[in-house]
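Listed below, chain by chain, are the residues.
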Amino acid sequence: MIQLSENGYYGSFGGAYIPEMLYPNVKELQENYLSMIYADDFQREFYYLLKDYVGRPTPLYLAENLSAKHNVTIYLKREDLCHTGAHKINNTIGQILLAKKLNKKRIIAETGAGQHGVATATVCARMGLECIIYMGAVDIKRQAPNVARMKMLGATVISATSGSQTLKDATNEAIRDWINNPVDTHYIIGSVVGPHPYPDLVARFQSVISEEMKNQLLEATGRENPDLIIACVGGGSNAAGAYYHYLNDLDVRLIAVEAAGEGVYSGKSAATSILGTEGIIHGSRTLLMQTTDGQIVEPHSISAGLDYPGIGPLHAHLITTGRAEAVSVTDENALKAAFELSRIEGIIPALETAHAIHALEDISFKSSDVIVINLSGRGDKDLNTYMEYLDKY
Amino acid sequence: MLNRLTKLFENNRENLLTVYFTAGYPKLDDTETIICSLAESGANIIEIGIPYSDPLADGPVIQESGMAAIDNGMTLQVLFNQLTDIRTKTQVPLILMGYFNQLLQYGVDKFLDECVKTGIDGLIIPDLPLMEYEQFYKDKLTQRNISISFLITPQTEESRIHKVDALSTGFIYVVSDSSITGMKTGISNQQISYFERIKSLQLRTPQLIGFGISDRESYLTASKYANGAIIGSAFIKHLKDKNEVDNATADFINLILKP
Ligand SMILES: Cc1ncc(COP(=O)(O)O)c(C=O)c1O
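Going down the list, the protein sequences come from chains A and B. Numbering-wise (this note's numbering), the first sequence opens with residue 1 and increments by one. Numbering-wise (this note's numbering), the second sequence opens with residue 1001 and increments by one.
It should be emphasised that the hints constitute simulated quantities derived from the structure, not laboratory data. For each residue, glycine too, the CB sits at the ideal point set by N, CA and C. Please note that the accuracy of each hint is not assured.
[Claimed, not checked] List of simulated lysine-lysine pairs, DSSO-like, C-alpha gap at most 30 Å:
hint: 1; chain 1: B; residue 1: K1027; chain 2: A; residue 2: K268
hint: 2; chain 1: A; residue 1: K27; chain 2: B; residue 2: K1163
hint: 3; chain 1: B; residue 1: K1163; chain 2: B; residue 2: K1138
hint: 4; chain 1: B; residue 1: K1184; chain 2: A; residue 2: K151
hint: 5; chain 1: B; residue 1: K1184; chain 2: A; residue 2: K27
hint: 6; chain 1: B; residue 1: K1110; chain 2: B; residue 2: K1007
hint: 7; chain 1: A; residue 1: K100; chain 2: A; residue 2: K51
hint: 8; chain 1: B; residue 1: K1138; chain 2: A; residue 2: K27
hint: 9; chain 1: A; residue 1: K141; chain 2: A; residue 2: K151
hint: 10; chain 1: B; residue 1: K1240; chain 2: B; residue 2: K1258
hint: 11; chain 1: B; residue 1: K1027; chain 2: B; residue 2: K1199
hint: 12; chain 1: B; residue 1: K1237; chain 2: B; residue 2: K1089
hint: 13; chain 1: A; residue 1: K214; chain 2: A; residue 2: K51
hint: 14; chain 1: B; residue 1: K1237; chain 2: B; residue 2: K1184
hint: 15; chain 1: B; residue 1: K1240; chain 2: B; residue 2: K1089
hint: 16; chain 1: A; residue 1: K105; chain 2: B; residue 2: K1184
hint: 17; chain 1: A; residue 1: K27; chain 2: B; residue 2: K1199
hint: 18; chain 1: A; residue 1: K51; chain 2: A; residue 2: K105
hint: 19; chain 1: B; residue 1: K1140; chain 2: A; residue 2: K27
hint: 20; chain 1: A; residue 1: K105; chain 2: A; residue 2: K27
[Claimed, not checked] Below, a sample of chain B positions facing chain A; criterion: calculated Cβ distance under 7 Å:
hint: 21; residue: T1075
hint: 22; residue: S1178
hint: 23; residue: S1179
hint: 24; residue: I1180
When you get a sec, could you build the whole thing from the sequences and use the hints?
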């Protein structure tokens, strides 16, 4: 059984390694999150907003051309069709309702690809709360359309200029903001990372993905369970949502796709499960890329959402126990897969998601298998990057 | 059994000046010079920061000094090597401040043994949970006579303050304001009433006030409500671009201590 312990550990991963300044806020969440999010009125409002505002359930689409190419049955779980264009909004809807219950007036968040930033700015606009988004200076450049969207939605975008100026540093800055504003502010973390209870909280909000998959697969195939579920892993929230209701169904293979960057051993990679060792990042004990001296290593991926030197503690547990299989896909192969999906299915995926698509080339399966790929987001935000490669693919 | 830190508190409980600096900054080999100069100029306790790539509780000044120190080649092993002979030079209480991941990667037991060998008296590890300390590390520190200081903030509940009091064996680090290091200067009335509240609890463990203490005035004000104060970012800022760190250090401490 995969289960969270009372103190917030999956096996030996998780916990809450935070400076005292964060303790009251984190403890308030730990003590209240389950009773608050499972209250009847919360659940009613959450599902209402997911349906009429986000557009759920998202389709489970039989990708016939992709299936034919790989000689297997492939369904795409269309999280790209969510309002704002990615799964991230499932979590921000839940967390904004929680922030309201906690009487918070100000929302902060970190973002890499900008999808979580846009999803946070969106729910803040909808609920009338102040919104501050931290984003690495490098990511502000490569995900410019999402920066513009956040601003249009009324959010303040603050550039994180420390370290590698990407997702890790944006997360550091958001945590520091929370230390400086301990009373009126809620921090909407964008993935299944951070101190307990965040990994569990975010996984529960994202679990709507696999909840829908079970019903949709039953209808489409007569079976609730696929043979494989493939998802990309930055921090791991879309993967956690897609795996959630299958974690204890051992007949379902769980494939976690990480970013290999320019090659796992090139020195420019974000393949945490291979390059990482056990340690602490952003308040959680998990696998992370670090030096022998415990300094966190700056990762690299062409995709801002996977450019993170850690993975959520749930994934560290799933991978180290063998429950999930980790695969890594290079920048180049992700680009190739993005163009291929666009050309044969008419779907332009996010660069993060493109890694999951390419994993079809990197794993073995039987032709009778049913595979679900979690199509975590759409590629509009990545068009600048894609256009640079238009002649090549 | 007393160590240099607990012995200091036995004899002296007023206006204790603690100064933080980042090991390996401004230059890799400044560690011994800064420690000796601080001690000679009159600092009572010295807090040596182990530079970290991702110090969540620290503001830009300490972050930048840490990155510079790492670039200079500072590691935990280099630091312990630099401290090998420090006890032939000074008996000032020395504290190491670092993040828990650094200890985990070095190996906690090996880290504590090196502390004993070099003569480190106390530790501050801001992200080590109280419960984890109590369960796994308390006995190890006690056996080696190494003190530990936990933090409290304006938001810390009274029941937890008593827990911190029970577990801290050096002093309690009273964080002066809800903030990361080096953000604010000066002390507000609101902070004074928080200091008074903590003082009125009559805690067992001595208390030092830190964060936002930057000059003689804030040092003296804070010292009225606790056993002394801790200066960090202001000192690091002062060291920036200084070539003669011993003189620069003495100048800084003179400004704090001399009327
Ligand atoms: C479309 C998309 N997929 C995946 C991710 C990676 O995040 P996670 O691993 O939390 O799903 C992101 C993050 O920005 C994203 O925008």
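Each hint tested on the structure:
1. B:K1027 <-> A:K268: holds, 29 Å
2. A:K27 <-> B:K1163: The hint holds at about 15 Å.
3. B:K1163 <-> B:K1138: holds, 14 Å
4. B:K1184 <-> A:K151: holds, 29 Å
5. B:K1184 <-> A:K27: Distance of about 26 Å is within 30 Å: holds.
6. B:K1110 <-> B:K1007: holds, 25 Å
7. A:K100 <-> A:K51: Judged against 30 Å, a Cα distance of about 20 Å means the pair holds.
8. B:K1138 <-> A:K27: Judged against 30 Å, a Cα distance of about 23 Å means the pair holds.
9. A:K141 <-> A:K151: Holds: A:K141 and A:K151 sit about 14 Å apart, inside 30 Å.
10. B:K1240 <-> B:K1258: holds, 22 Å
11. B:K1027 <-> B:K1199: violated, 39 Å
12. B:K1237 <-> B:K1089: Measuring from Cα to Cα gives roughly 26 Å; hence the hint holds.
13. A:K214 <-> A:K51: Since the Cα atoms of A:K214 and A:K51 sit roughly 17 Å apart, the hinted pair holds (cutoff 30 Å).
14. B:K1237 <-> B:K1184: With a Cα-Cα distance of about 14 Å, the restraint between B:K1237 and B:K1184 holds, given a limit of 30 Å.
15. B:K1240 <-> B:K1089: Satisfied, since the Cα-Cα distance of roughly 25 Å is no more than 30 Å.
16. A:K105 <-> B:K1184: Judged against 30 Å, a Cα distance of about 23 Å means the pair holds.
17. A:K27 <-> B:K1199: Distance ~25 Å between A:K27 and B:K1199 Cα, so the pair holds.
18. A:K51 <-> A:K105: holds, 25 Å
19. B:K1140 <-> A:K27: holds, 27 Å
20. A:K105 <-> A:K27: Roughly 19 Å between the alpha carbons, so the hint for A:K105 and A:K27 holds.
21. T1075: The hint holds - B:T1075 has a Cβ within 7 Å of chain A, the shortest such distance being about 5 Å.
22. S1178: holds, 5 Å
23. S1179: This hint holds: B:S1179 lies near chain A, its Cβ roughly 5 Å from the closest one there, short of 7 Å.
24. I1180: Constraint on B:I1180 satisfied, holds at 5 Å.
Against the hints set out earlier in the document, a violation occurs for number 11 only.
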